[in-house]
Amino acid sequence: MAKMNMIQSLNSALDNAMEKDPNVISFGEDAGYFGGVFRVTAGLQEKYGLDRSFDAPINEAAITAMAIGMAAKGLRPVAEIQFADYIFPAIDQIVSELSRIRYRTAGQFTTPVVVRTPCGGGIRGGQTHSMSPEAFFTQVPGIQVIMPSNPYDAKGLLIAAIESPDPVVFFEPKRLYNGPFDGDPTKALETWAKHEKGEVPEGHYTLPIGKAEVVREGNDVTIVAYGTLVHVALAAAEREGIDAEIIDLKTLVPYDIDTIAASVNKTGRCVVSQEAPRTSGFAAELAAQIQEECFYALEAPIQRVTGWDTPYPHAHEWAYFPGPQRFINAIREVLEA
Amino acid sequence: MAKMNMIQSLNSALDNAMEKDPNVISFGEDAGYFGGVFRVTAGLQEKYGLDRSFDAPINEAAITAMAIGMAAKGLRPVAEIQFADYIFPAIDQIVSELSRIRYRTAGQFTTPVVVRTPCGGGIRGGQTHSMSPEAFFTQVPGIQVIMPSNPYDAKGLLIAAIESPDPVVFFEPKRLYNGPFDGDPTKALETWAKHEKGEVPEGHYTLPIGKAEVVREGNDVTIVAYGTLVHVALAAAEREGIDAEIIDLKTLVPYDIDTIAASVNKTGRCVVSQEAPRTSGFAAELAAQIQEECFYALEAPIQRVTGWDTPYPHAHEWAYFPGPQRFINAIREVLEA
Amino acid sequence: MTQTDPRFHVPAPHARPGDTPDFSHIEVPPAGEAKRPEPTVAAHETRDLATGLVRVLDHNHQAVGEWDPKLDAEPLREGLKHMVLTRVYDDRMLKLQRQGKMSFYMKSTGEEAVAVAAAMALDKGDMVFPSYRQQGILFARGRDIVDMMCHCISNSRDNLKGRQLPVHYTWAEGNFFSISGNLTTQFPQAVGYAMACQYKGESQIAASWIGEGSTAEGDFHGALVLASTYKAPVILNVVNNQWAISTFQGIAGGQAETFALKGQGYGLATLRIDGNDFLAVYAATQWAAERARAGLGATVIESYTYRADAHSTSDDPSGYRPKGEEAKWPLGDPIERLKQHLIGLGEWDEERHAALEKELDELVIKSYKQAESFGTLHDGPLSPVESIFEDVYAEPDWRLRRQRQDLGV
Amino acid sequence: MTQTDPRFHVPAPHARPGDTPDFSHIEVPPAGEAKRPEPTVAAHETRDLATGLVRVLDHNHQAVGEWDPKLDAEPLREGLKHMVLTRVYDDRMLKLQRQGKMSFYMKSTGEEAVAVAAAMALDKGDMVFPSYRQQGILFARGRDIVDMMCHCISNSRDNLKGRQLPVHYTWAEGNFFSISGNLTTQFPQAVGYAMACQYKGESQIAASWIGEGSTAEGDFHGALVLASTYKAPVILNVVNNQWAISTFQGIAGGQAETFALKGQGYGLATLRIDGNDFLAVYAATQWAAERARAGLGATVIESYTYRADAHSTSDDPSGYRPKGEEAKWPLGDPIERLKQHLIGLGEWDEERHAALEKELDELVIKSYKQAESFGTLHDGPLSPVESIFEDVYAEPDWRLRRQRQDLGV
Ligand SMILES: Cc1ncc(C[n+]2csc(CCOP(=O)(O)OP(=O)(O)O)c2C)c(N)n1
Ligand SMILES: Cc1ncc(C[n+]2csc(CCOP(=O)(O)OP(=O)(O)O)c2C)c(N)n1
Ligand SMILES: [Mg+2]
Ligand SMILES: [Mg+2]
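Protein chains in written order, with the numbering used here: chain U, 9 to 345; chain H, 9 to 345; chain Y, 239 to 647; chain C, 239 to 647.
A portion of the hints provided could be inaccurate.
Unchecked claim - Some chain U residues judged to face chain Y by a derived CB distance under 8 Å, without partners named:
id	residue
1	Ala69
2	Ile76
3	Thr113
4	Lys195
5	Leu197
6	Pro262
As the list claims (entries may be wrong) - Cross-link-like lysine-lysine pairs, in silico, DSS-like; alpha carbons within 30 Å at most:
id	chain 1	residue 1	chain 2	residue 2
7	C	Lys561	U	Lys55
8	H	Lys195	Y	Lys607
9	Y	Lys319	Y	Lys604
10	C	Lys607	H	Lys55
11	C	Lys607	U	Lys195
12	Y	Lys561	H	Lys55
Read the hints as simulated data drawn from the structure, not as lab findings. As the structure is a prediction and not an experimental result, all values here were calculated from the model. The C-beta atom is built at its ideal place from N, Cα and C for all residues, glycine as well.
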């Protein structure tokens with residue numbers, strides 16, 4: 009075991025995967041020589057050579073298409089999109105191609121590509137460095153969607169994604185790269201050093217795709233979160249002393265409905281959350297499915313804690329970000345209903 | 009008043025709008041000389057000239073970007089994307105640009121573009137001519153999303169979209185172009201000639217964006233539908249003799265929550281529907297919001313009638329398409345719950 | 239409102255319905271004129287070849303000049319056979335589509351050489367990423383016709399389980415990648431595939447085809463950027479058949495001299511060839527493959543040809559171009575030209591040709607009977623309904639398992 | 239695992255950290271050598287200009303050759319002043335960013351001529367679609383410095399209401415379009431805008447700028463296709479400053495000879511110019527604007543220059559290129575070169591230059607004080623919080639009204 013932040017653990021995942029399987033290669037804008045603007049791929053080119061970790065031209069569609077072609081030939085490409093905001097030029101290759109190759113060829117070709125990309129706000133990135141576009145990808149049959157919330161999970165899930173026979177879009181909440189974040193920007197930055205999920209094995213391990221984790225047990229309300237908001241939800245529950253059960257979803261597609269339903273059936277109340285704008289975000293899918301699944305257990309309407317239906321503003325980032333107060337409001341709402 | 013099918017009424021909308029405002033122009037792949045593969049823009053080039061209705065290169069991103077640039081200079085561009093399946097190359101220009109110009113310039117520039125595109129299955133188009141990607145766009149702050157279900161609405165809403173100060177993605181359910189469709193592919197094709205919504209004024213009129221319509225009154229269950237499924241839901245209710253209230257949503261963003269909530273509060277039961285794959289579709293947004301809004305009125309979980317989480321298959325199109333039987337199953341489920 | 243002069247330029251073709259077909263603007267250089275540099279030549283030295291037109295078969299149907307691939311009669315006859323089969327098959331399938339046997343069809347009439355000659359010049363192991371109009375590759379590579387038909391009529395033996403539109407073939411065994419309904423997406427994929435071939439240390443290369451209309455897509459540029467940056471062993475074919483559904487080549491081409499010339503901007507080798515000349519297509523592909531295998535990177539080949547029939551069964555060209563335009567196409571018909579060449583060589587004659595056509599037509603008819611015995615789209619049997627839930631993922635997750643149950647299959 | 243030879247080609251720069259900066263591979267043709275055709279010339283006749291390098295200022299800082307725009311001393315001094323102001327402003331803003339006054343900053347050091355000279359050669363009414371490194375345009379067009387700063391520190395007077403990252407200016411009055419954080423998206427938008435200018439019968443044209451790294455995006459191709467098809471009156475500038483964050487120009491350029499050459503493939507006029515030569519940039523822009531206004535379509539201009547500082551305040555170039563590389567750049571510094579030219583003309587001297595620098599630095603400092611009086615990102619006041627719900631739509635719909643309530647503002 010070693011202390012790692014999320015950048016290091018993701019780097020370690022790539023390192024282990026590349027060590028183990030010579031078909032694993034990594035590329036992206038600034039992701040080769042320099043090792044990525046967030047340094048997730050640092051050192052890989054030096055260690056594995058120019059053709060296993062390399063720089064790509066600034067064309068996200070071409071990066072994805074290149075990965076698809078390589079995967080069809082048996083490689084295991086891990087493509088980095090520098091910011092999730094810049095995944096949109098690639099979305100046609102993801103929606104129309106990557107997701108469907110297995111289906112439309114009836115299994116004659118498969119393209120187990122991982123598209124890694126940092127997402128989310130909280131770093132004053134403004135509207136083009138802050139998006140959480142995960143819900144777009146959860147709509148696409150054939151794609152698995154993952155978003156870890158800590159270094160330990162990030163590594164285990166990234167290796168699992170690379171080894172998955174299916175294509176994966178892997179979101180890395182960039183606000184968590186260097187430390188957990190409870191939603192209070194005025195506090196001193198925390199690091200992963202003191203966090204138990206900052207303890208990361210140096211060797212190869214995987215976590216199961218599709219499994220959520222109850223990160224806090226409780227009886228009064230279930231909070232479903234993923235990525236950065238896991239920490240915010242925890243902070244909100246702690247701050248208010250609420251007996252909340254908090255689920256870290258980790259995988260969005262396929263999401264772990266059993267774990268969620270068991271919890272909501274127990275607590276009878278539920279808050280679902282996402283950092284993205286409210287309308288048609290992934291929390292809507294969760295709410296829709298949970299009310300169907302647990303209707304008779306529910307004692308109050310499911311509340312959604314989300315970003316607003318606006319672009320991510322720069323200066324008023326913290327008015328947009330769904331911080332602890334917004335969780336507390338929603339929890340009160342469901343508890344008092 | 010004249011009898012029009014949906015192609016004619018959309019064409020008439022464009023004609024009226026171009027007649028009225030010389031800044032309105034129309035373009036797209038095969039949309040100029042030939043008048044569009046579905047003939048929605050037929051005759052416009054002849055009538056208004058080569059620079060008001062013209063062919064565009066096969067580059068959906070460039071078509072959208074061209075529209076943005078033109079709109080910034082004060083034109084009112086109506087861009088056709090030949091099939092909604094091909095809107096993905098344009099999605100970056102829509103999500104990152106079109107939707108945000110007003111916001112990021114604090115109103116100094118606005119880009120009132122309409123992107124028209126035929127969507128949905130039922131014409132044996134296979135996975136690349138059948139998609140209903142509307143939910144993607146409902147996630148994008150700054151965009152209005154419309155999908156009419158008949159010639160009368162189509163015209164009134166298209167003119168409203170063209171005159172809207174905001175950008176609009178306008179979906180045309182292609183299975184409805186030539187006639188209503190109740191979901192039974194074995195029946196003889198119907199035309200709009202005998203349908204009351206096939207009566208369309210020849211002159212200029214608009215329908216309000218954001219207003220739904222109760223197309224069938226009822227007391228036992230509310231069915232929310234849009235596009236092709238409005239007709240399928242009606243057929244299901246008729247066939248089973250169910251006292252269903254059916255709402256034609258027409259506008260998805262902003263959706264008419266008041267009309268929906270009033271109905272669900274009355275009936276206490278609700279089915280929401282979409283043709284797109286189930287996960288994270290627009291029906292999820294509806295269900296999430298309705299359960300929040302009408303929780304105490306609901307006597308059963310809201311059911312979603314949707315496509316499956318698969319690409320749209322070609323041969324088994326009708327096993328995928330959410331036809332009347334799937335509505336009936338869902339209605340029974342909510343009624344018997 | 240009356241029509242005024244357009245306020246900005248919108249290109250228009252030379253002739254529209256009602257006009258007399260007019261190709262007088264097309265310059266056809268004499269066959270044999272183009273120089274053939276070594277495949278090791280610097281990319282920028284192929285610039286002239288991007289604006290010229292490599293032609294081997296002259297107006298007397300004789301093979302002339304440096305690009306003559308000097309094939310024996312046997313492969314020429316084989317090529318002829320594949321082209322005739324392609325045409326016969328296309329014609330039959332169109333008829334069947336009109337009879338409601340399948341939902342859709344796309345012919346390659348007039349463009350048979352582009353696919354067949356290229357396929358013959360490639361190794362069978364080379365991976366092809368075609369568009370929907372290179373069915374000729376399948377014939378050249380010996381795909382079973384019954385299997386092809388089973389796909390087109392989506393029956394129980396369709397190797398794509400009824401999931402794809404007709405003509406959107408996949409044939410992994412034959413190194414034939416999945417055809418996408420989305421234009422141009424395969425172009426950059428082919429480059430990635432080619433890079434992976436090098437990565438694996440194999441001599442395999444990749445080749446892809448798109449139409450001239452499809453060059454307008456961003457993915458065209460992406461493919462050329464990748465090919466240029468990584469010097470990938472790939473052949474990037476642009477089939478300029480003059481039309482993209484109803485829009486003529488000028489809507490994609492604009493003021494560009496040729497489509498091949500775009501490759502020069504990326505430092506790629508470029509050839510513009512007579513796509514109706516079997517020998518030119520063969521020679522160009524061979525040249526580009528040799529170059530790619532030598533590690534010298536990609537070649538952009540523009541095949542100049544004409545789409546002699548409708549875009550697809552959903553299209554009627556009489557709405558946008560003069561009737562009979564195809565007969566006036568100055569580069570003739572690829573089958574006729576190769577046939578006359580072989581006759582000129584004394585290696586073929588009209589009788590054998592007629593016999594071949596008859597034989598292949600019978601083969602196609604017989605094959606269709608056989609294919610139909612496995613079902614048709616209209617009457618079934620199809621792939622089992624539950625197969626729609628398979629292959630979305632390696633294993634269906636709970637959502638798909640439940641949905642299958644909901645459908646009751 | 240040890241490093242082996244790469245199995246496919248991956249381009250690498252001539253020098254990396256620790257190496258001695260090396261620009262010996264760069265050919266610098268003598269100033270004055272390039273021919274200047276009339277702006278009405280056929281696009282393909284500008285091919286040589288796509289691979290050459292238009293230079294006006296020679297090594298003695300004299301203006302030579304056909305491209306000399308023969309400007310009076312006054313506009314030259316004005317240009318010098320705008321460039322100095324740009325640099326002084328950039329330097330000051332960097333310091334302020336380091337002090338936490340703003341979240342982010344991007345300098346244009348070394349590239350001032352590209353923006354300033356182009357802006358001066360255009361009409362003020364021409365619409366510009368810049369990237370984030372053409373702040374020089376704002377100075378040349380006389381934007382109020384305090385306003386610029388108010389944007390960068392997102393205070394209560396930020397004309398973008400704190401919604402955009404610093405340096406992502408918009409200034410409609412000055413015909414300066416919104417800068418996007420997404421690369422290259424503005425390139426095809428500029429073409430659409432230019433077409434609309436023609437549509438409205440105005441003589442206004444559009445100009446856009448992207449970096450050489452950004453040419454790899456699909457939107458680059460889309461812009462050139464549109465410009466070619468519709469012959470739009472637009473100037474498409476590629477600022478080749480050798481670096482795209484940490485990747486050198488070869489990752490986008492691959493085996494291409496130059497970036498300008500790409501324009502030839504679309505039948506567009508093409509110029510490759512010394513971007514550190516104020517007169518060359520001015521002359522080229524003037525030429526392209528004249529061509530555009532004459533209805534002859536677009537010009538692709540590659541400005542060859544060097545990003546003399548970090549990509550942005552989030553970047554440290556010492557991780558990927560040798561320290562001091564900027565000092566070895568063979569085309570020198572744009573400010574120094576114009577200054578020496580003016581001195582050579584007897585129209586300027588070191589004293590006046592020092593005084594100018596001082597004056598502008600004081601202006602910037604004073605302006606900042608003033609700007610700060612309207613607030614800073616850190617300490618406020620900012621735009622009112624509720625403004626985050628405005629301008630999403632013309633009118634907020636029920637969702638935004640409720641959300642504003644939820645936020646309690
Ligand atoms: C991304 C995308 N946009 C639009 C279409 C619709 N479409 C299908 S074929 C076609 C024309 C293609 O023309 P070209 O590339 O010249 O190929 P050809 O049909 O002539 O072989 C169009 C516009 C599509 N299939 N995919
Ligand atoms: C679509 C998109 N992809 C990636 C990025 C991240 N990014 C910002 S600047 C940059 C480098 C751009 O280089 P270049 O075009 O040469 O411009 P320069 O910074 O040199 O002026 C990158 C990759 C982005 N902003 N947008
Ligand atoms: Mg074509
Ligand atoms: Mg650059």
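Now for the hints, and whether the structure bears them out:
Interface hint at U/Ala69: satisfied, since its Cβ lies 5 Å from the closest Cβ of chain Y, which is below the 8 Å cut-off. Evaluation of the U/Ile76 hint against chain Y yields a held restraint, the C-beta minimum of about 5 Å falling below 8 Å. Because the smallest distance between the Cβ of U/Thr113 and any Cβ of chain Y comes to about 4 Å, under 8 Å, the interface hint for this residue holds. A cut of 8 Å between beta carbons decides the hint on U/Lys195: the least distance to chain Y is about 39 Å, and the hint is violated.
For U/Leu197, the interface hint is violated, since its Cβ never comes within 8 Å of a Cβ in chain Y; the closest pair sits about 38 Å apart. Checking U/Pro262 against chain Y: minimum C-beta separation of about 4 Å stays under 8 Å; hint holds. A distance of roughly 24 Å separates the Cα atoms of C/Lys561 and U/Lys55; the hinted pair therefore holds under the 30 Å criterion. For a cut-off of 30 Å, the pair hint linking H/Lys195 to Y/Lys607 stands: about 29 Å separates their Cα positions.
Straight-line distance between C-alpha atoms of Y/Lys319 and Y/Lys604 comes to about 17 Å, which keeps the hinted pair within the 30 Å bound. For the hint pairing C/Lys607 with H/Lys55, the CA-to-CA distance comes to about 59 Å; that exceeds 30 Å, so the pair is violated. Taking the CA atoms of C/Lys607 and U/Lys195, the gap is near 29 Å; set against the 30 Å cutoff, the hint holds. As the CA atoms of Y/Lys561 and H/Lys55 are separated by approximately 24 Å, the hinted pair is consistent with the 30 Å bound.
The structure shown violates the earlier hints numbered 4, 5, 10.
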